[in-house]
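**Q** All letters in the sequence shown, in the order written, are residues 0 to 271 by numbering that gives the first Met the number 0.
Some hints here could point you the wrong way.
Calculated cross-link-like contacts (lysine to any residue; reagent style SDA-like; alpha-carbon spacing at most 20 Å) [claimed, not checked]:
hint, residue 1, residue 2
1, LYS230, PHE140
2, LYS177, GLY98
3, LYS177, ALA89
4, LYS230, ASN137
5, LYS177, TYR91
6, LYS177, VAL32
7, LYS230, LEU144
8, LYS177, TYR158
Derived by calculation from the structure, the hints in this document are not laboratory data.
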Amino acid sequence: MAQTTAAVGRISTYGDYLVALLSDRERFFEEVVDGVGLGRKLAHGALTVTAMAGFFGLVAGAYSGPAQALSAGIKLPFLFFATFAVCFPAFYVVQVLVGSRLQLLQLMVVVCGALALISILLAAFVSITAFFLVTGANYYFQHLLNIVIAGIAGVFGMYALHDGLSLVCERRGVYPRKALTIMRAWALMFAFVGVQLAWNLRPFLGDRNQPFQVFGEYQGNFYAAVIYAVKQLFQGQGETGPTRQPPAADSLLRFMVPAPDSAAAQVPSRRP
């Protein structure tokens, strides 16, 4: 295997790193198991998350103007790193307990590689987000579109992580098969933690009808927010953004957008 890796060439540059994540993940995971350039790979992964996720956040936040774009461009990479910091310690300890022979830095590189792949996918969807942004898409449609894109990217990134760990399990014997089941459970936990952190960091998309806010201070939860956004979309609301406070039974909105404050809620809608 060492001869095969040498023949293909080591992952040394940032370009090599991106190519390996996208089209040659087998080589990426083999080098991680061999302990080749772990620090460099970790730095490349962190750079990818910062640049690619930040780019997606910048475009999504542009819905509400430059200030919101900059805020979202900063908060989205922070969301990735914060979720990693919260979830990784449990992942590492459990992996050691079940017999994984991958070291701390190796597992960090593997998980960071999955986050980097998610970020690359988000950046790849930017053209779609920008298209609906410039063509005046419905406010709630834009809101749901970004959630769907994030979900697709997240699922694919975690699938790549599982696929890579399966490879080292079968070929190198350094990762026990029973740990793969634990990894799937951890991926779900990672998703739930990420959703909760995103809720706390909202707004990302922002509200054109309200002053710029870095963080919202509103009640509710993400899952009911999605239901509310779907309801508003099918009712034809949100062409220019929300203009009223959701009713008490539905005041569970806002993953990437803030709910208008109570003063704004007193202003009647100008729509016919």
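**Q** For each hint, tell me whether it holds in the structure or not.
**A** Hint check:
At most 20 Å may separate the alpha-carbon atoms for a hinted pair to count; LYS230 and PHE140 meet this at roughly 11 Å. For the hint linking LYS177 to GLY98, the alpha-carbon distance of about 9 Å falls within 20 Å, and the restraint holds. For a cut-off of 20 Å, the pair hint linking LYS177 to ALA89 stands: about 16 Å separates their Cα positions. Our distance criterion of 20 Å between C-alpha atoms is met by LYS230 and ASN137, whose separation comes to about 13 Å.
For a cut-off of 20 Å, the pair hint linking LYS177 to TYR91 stands: about 15 Å separates their Cα positions. Pair hint LYS177 plus VAL32 holds up; C-alpha atoms about 18 Å apart against a cutoff of 20 Å. The suggested pairing of LYS230 with LEU144 holds, with an alpha-carbon distance near 14 Å, which does not exceed 20 Å. For the suggested pair LYS177 and TYR158, the alpha carbons sit about 17 Å apart, so the restraint of at most 20 Å is met.
When the structure is compared with the earlier hints, no violation turns up for any of them.
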